[in-house]
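Trainee: Chains as they are written, first to last, in the working numbering: chain A, 1 to 379; chain B, 380 to 530; chain C, 531 to 904.
Certain hints may be false.
[As the list claims (entries may be wrong)] Covered stretches of chain B (in silico footprint by chain C; criterion: 3 or more residues with CB under 8 Å from a CB of chain C, positions within the stretch not fixed): (1) 407-414; (2) 424-432; (3) 447-454; (4) 476-483; (5) 498-511.
[Stated by the list, open to error] No farther apart than 30 Å at their CA atoms in a straight line, the calculated lysine-lysine pairs in the DSS-like style are these: (6) B:K382 to B:K402; (7) B:K413 to B:K382; (8) B:K382 to C:K831; (9) C:K831 to A:K356; (10) B:K462 to C:K588; (11) C:K831 to B:K519; (12) B:K402 to C:K623; (13) C:K623 to C:K825; (14) A:K176 to C:K884; (15) B:K425 to C:K770; (16) C:K827 to C:K858; (17) B:K424 to B:K413; (18) C:K881 to C:K858; (19) B:K382 to C:K825; (20) B:K402 to C:K858; (21) A:K176 to C:K588; (22) C:K884 to A:K356; (23) B:K425 to B:K413; (24) B:K462 to C:K881; (25) A:K356 to C:K573; (26) C:K743 to B:K425.
[Claimed, not checked] For the chain B half of the interface with chain C, some residues (derived, Cβ under 7 Å), not all of them: (27) I392; (28) Q394; (29) P516.
Honestly, the hints are just simulated from the structure, not real lab data.
Even for Gly, the Cβ is constructed at its ideal location relative to N, Cα and C.
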Amino acid sequence: MLLDIITNNSITAPSEPWWKVVYDFSSLTKWVDTSLHSSMSSFWATITEMLIIGVLILLFYALVGLFLVYAERKVCAFMQNRLGPNRVGPFGIFQTIADLFKLLFKELVPIKNADGFLFNLAPFIVIIASFMAIAAIPFAKGLHAIDLNIGVLYVIAVSAMGVIGVLLAGWSSNNKYSLIGAMRSGAQIVSYELSVGLALITIVIMAGSMQLSVIVEAQRDGWFIFKGHIPAFIAFIVFLISSTAETNRGPFDLAEAESELTAGYHTEYSGIKFAFFFLAEYINMFIVASIAATVFLGGWMPFHVGYWEGFNHIMDFIPPFIWYIGKTFFVIFLMMWFKWTFPRLRIDQLLTLEWKYLLPINLVNVLIMAFIVLMGWHF
Amino acid sequence: MDKIQLGEFIKSIDQDLEIEEGKQYVEVTVPPLKLYLLAKQLRDKKEAQFDFLFCLSGVDYGQDLGVVYHLRSTIYDHTIVLKTRTSDREHPQFDSVSDIWKTADFHEREAFDLLGIRFTNHPDLRRLFLDSSWGYPLRKDYVDDINIVTK
Amino acid sequence: MEEEVKNITPDERQEYVINMGPQHPSTHGVLRLVVSLKGEIVKNIEPHIGYIHRGIEKMCESITYPQIIHLTDRMDYLSAHINNEAVCLNVEKALEVDIPDRIKVIRTIMSELTRIQSHQLWWASFGMDLGGLTCFFYGLRDREKILDIFEETCGGRMLVSYNCPGGVMYDIHPNFQKRVKDFIKYFRKILPEYDQLLSGNVIFHERSKGIGKLSLEDAISYGVTGPTGRASGFSCDVRKHEPYSAYDRITFKEILHTEGDTYSRYIARIDEMWESMNIIEQLIDNIPEGPFAVKMKPIIKLPEGEYYQRVETARGELGVYIISDGNKNPYRVKFRSPNFVNLSVFNHIVKGFKIADLVAIGGSLDLVIPDIDR
Chain A
1 MLLDIITNNS
11 ITAPSEPWWK
21 VVYDFSSLTK
31 WVDTSLHSSM
41 SSFWATITEM
51 LIIGVLILLF
61 YALVGLFLVY
71 AERKVCAFMQ
81 NRLGPNRVGP
91 FGIFQTIADL
101 FKLLFKELVP
111 IKNADGFLFN
121 LAPFIVIIAS
131 FMAIAAIPFA
141 KGLHAIDLNI
151 GVLYVIAVSA
161 MGVIGVLLAG
171 WSSNNKYSLI
181 GAMRSGAQIV
191 SYELSVGLAL
201 ITIVIMAGSM
211 QLSVIVEAQR
221 DGWFIFKGHI
231 PAFIAFIVFL
241 ISSTAETNRG
251 PFDLAEAESE
261 LTAGYHTEYS
271 GIKFAFFFLA
281 EYINMFIVAS
291 IAATVFLGGW
301 MPFHVGYWEG
311 FNHIMDFIPP
321 FIWYIGKTFF
331 VIFLMMWFKW
341 TFPRLRIDQL
351 LTLEWKYLLP
361 INLVNVLIMA
371 FIVLMGWHF
Chain B
380 MDKIQLGEFI
390 KSIDQDLEIE
400 EGKQYVEVTV
410 PPLKLYLLAK
420 QLRDKKEAQF
430 DFLFCLSGVD
440 YGQDLGVVYH
450 LRSTIYDHTI
460 VLKTRTSDRE
470 HPQFDSVSDI
480 WKTADFHERE
490 AFDLLGIRFT
500 NHPDLRRLFL
510 DSSWGYPLRK
520 DYVDDINIVT
530 K
Chain C
531 MEEEVKNITP
541 DERQEYVINM
551 GPQHPSTHGV
561 LRLVVSLKGE
571 IVKNIEPHIG
581 YIHRGIEKMC
591 ESITYPQIIH
601 LTDRMDYLSA
611 HINNEAVCLN
621 VEKALEVDIP
631 DRIKVIRTIM
641 SELTRIQSHQ
651 LWWASFGMDL
661 GGLTCFFYGL
671 RDREKILDIF
681 EETCGGRMLV
691 SYNCPGGVMY
701 DIHPNFQKRV
711 KDFIKYFRKI
721 LPEYDQLLSG
731 NVIFHERSKG
741 IGKLSLEDAI
751 SYGVTGPTGR
761 ASGFSCDVRK
771 HEPYSAYDRI
781 TFKEILHTEG
791 DTYSRYIARI
801 DEMWESMNII
811 EQLIDNIPEG
821 PFAVKMKPII
831 KLPEGEYYQR
841 VETARGELGV
851 YIISDGNKNP
861 YRVKFRSPNF
871 VNLSVFNHIV
881 KGFKIADLVA
891 IGGSLDLVIP
901 DIDR
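I would like the entire structure built from these sequences, with the hints used as guidance.
Mentor: This is the structure:
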């Protein structure tokens, strides 16, 4: 039964209600594609498409970055009995824009004895890595820059590249604190990459595909976190922990640990180069939250309860993009909650947590999930 | 032990020591050469057990330089004050008690820094607050024209 | 160059030396630690102090006794009131002045309020050292309430300068008793929240239990006092051993723990806040009537002699040693400051732990740098 749903998911039912058609972006993108191809050669059409997508993603990227910084400050203030930014614009919503201008105009302090080339290169590597990962994320039906058939693998691979930038930044700054921070970050990301991968594999086993759009479609009649019994839930928790660690946030922010290493790997950076690191941190958080939302919480799929037709129709009425953003920000809120509540771990505890607890749990979890899928015990 | 018993106890260790029953604590004046031995006995003897050096102060008495040790026993809760002084203002030297009470390490470095009193056998006698070109500000003959410190 | 390399042992050559401070988020002031690392492990630390050395002891030699009080505020600024009290008690003892009960009780209540607000700030910054930034705001929120009480009665918030030889500067504000009682009622409810946020956290337990162990023998030998010493089982509470002010007429427990690690130092301070509230509750309702200050001579001259007064500040035993030659200013003043002594044990307990533990241990020693440098 389920296999049928998965394999036939691309076939739309004949009696689609109007909103499903409106909310489907694939017709829009197809129209853009065909009109471009009809007016110019296919080479230039592709180039134009790339440019449009690039500009759109860049815009989205900047907006998300600005909003997340604002959200973090507000959430943090909420946790700490404060008001947070409230002076620039209503509720301080323009505060981050003001901060952005401040960072843009700040002097880029040149560091004596720093390795100039690597020092300048590092922030770009960090930001490009997060930029590339955003391409594979499905925002809504048909709103998808590139739908790779190995989407999950691509996201893991690309987002992990940021660590190279962090290591370079720590090394080239010629600062001892930075170097310790970078080394910590290296050890941390190499370890936690395993857990992230295995947690996603648990779901890939269930979905039977690595293509993110297929994974989302497979959750049409129920999100994987509900469908996959306990193993999926465990995988979600593990993913949440290890992705927080991978983005160097929350209780795992050892790489910058301001009370120990002042600011870790970006101690020596100033102005816009610092802003790149800062922005990349938030975008990375957004990416992992998107992946969590897509893989575990059904991406842009509305919340459905079996046989509650009326309820399901109301849920369908909410646009998929809103669903996607809502789920993503729910996960982001969870991650901020961690960060502002827990004290920081020590480096050996961090590695112990990964290698002695999360990894074995994960391996067993994958086995159980494979067994469940084999026997067809899931919903 | 109360003050009288403490005085008698000190007498039993060394007859020649000058003992004064102060308003608050028993005060014993020790010549610098006998200091270390007395301190060790005060810490080790079963009936005294002065295991807590709670204050060590260097004092400039005008002619002499001295060190005052405030000792307390955490077991018997009695207190004694040891005083020692030397008239050598150029090279004042006392034995370090930092191997008897580890807290003396920092206290002696402070006394060295501010009064220029040297402590022999101290593991790490360096200036603590000030840099090495500075004088010894707590001495009474210290003059600093810039900060208008006069005699 | 070659010779230089030969002299260094292979073990030393692998050390990675970093400077923590004088500007560093977790040294809480201008303390500089030269830390030798091997990887993440701390091999040795060497404190460099003196960045805020003002020569308070030298200054005291040229000013009068009532003026000295205002300098002691600037030593341990978080126990300002208790420092003031130490000098006043010493001067009163030297002049053999009888202090009425009202003054004693007021002083005791103020001291305990000072202790609570100091521990609140410590809790706030300790949480921040461990990476729990929210603690900072919770701690400061509650501390503000005590500072408001101070402001109403003393005029000052942090450096209160409320004591003077022979009593206190002004009588307590009419609202004082009510506000203190309100605060106690409020804080009794809020203190368990501290436990929920930090003491009950698994990560916090992992970070603090068994870290930076200080044995009883070492605690006594290094002279470590205050909650830090009592966490190692060193019974060093001056309020018990040499009661001053109104401490002899109230019942309270001396908080003693035996483990001597960072966690027990933490718990000792939390317990002290509870105990301080008990002390205040015993006194707040029966402040005796009477004058708030004894009339003293306009120029205070101490009789010739030596005077030593010990008090228990929030961080340990403060000793004020005054040598008087009969003049209006002292011949020599020595402050035995608790932080100075507590700093000396730092290197001993931190060896072999990691950088993160260095920060945690430093936080649990609760150092106030101006008190170290004086």
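Trainee: Are the hints correct? Go through all of them and say.
Mentor: Outcome of the hint check:
1. 407-414: violated (count 0)
2. 424-432: holds (count 3)
3. 447-454: Holds: 3 residues of the segment 447-454 of chain B have a Cβ under 8 Å from chain C.
4. 476-483: holds (count 3)
5. 498-511: holds (count 3)
6. B:K382 to B:K402: holds (10 Å)
7. B:K413 to B:K382: Holds, because 22 Å separates the two Cα atoms, which is no more than 30 Å.
8. B:K382 to C:K831: holds (28 Å)
9. C:K831 to A:K356: Distance of about 70 Å is beyond 30 Å: violated.
10. B:K462 to C:K588: holds (21 Å)
11. C:K831 to B:K519: holds (20 Å)
12. B:K402 to C:K623: This hinted pair holds, its Cα atoms lying about 10 Å apart.
13. C:K623 to C:K825: holds (15 Å)
14. A:K176 to C:K884: holds (16 Å)
15. B:K425 to C:K770: holds (24 Å)
16. C:K827 to C:K858: holds (11 Å)
17. B:K424 to B:K413: holds (16 Å)
18. C:K881 to C:K858: Measuring from Cα to Cα gives roughly 48 Å; hence the hint is violated.
19. B:K382 to C:K825: violated (33 Å)
20. B:K402 to C:K858: holds (21 Å)
21. A:K176 to C:K588: violated (39 Å)
22. C:K884 to A:K356: OK: K884 (chain C) and K356 (chain A) at ~20 Å, within 30 Å.
23. B:K425 to B:K413: Measuring from Cα to Cα gives roughly 20 Å; hence the hint holds.
24. B:K462 to C:K881: Distance ~35 Å between K462 (chain B) and K881 (chain C) Cα, so the pair is violated.
25. A:K356 to C:K573: Answer holds: K356 (chain A) to K573 (chain C) is near 27 Å, not above 30 Å.
26. C:K743 to B:K425: holds (28 Å)
27. I392: Nearest chain C Cβ about 22 Å off; hint violated.
28. Q394: violated (25 Å)
29. P516: holds (5 Å)
Checked against the numbered hints listed earlier, the structure breaks hints 1, 9, 18, 19, 21, 24, 27 and 28; every other hint is satisfied.
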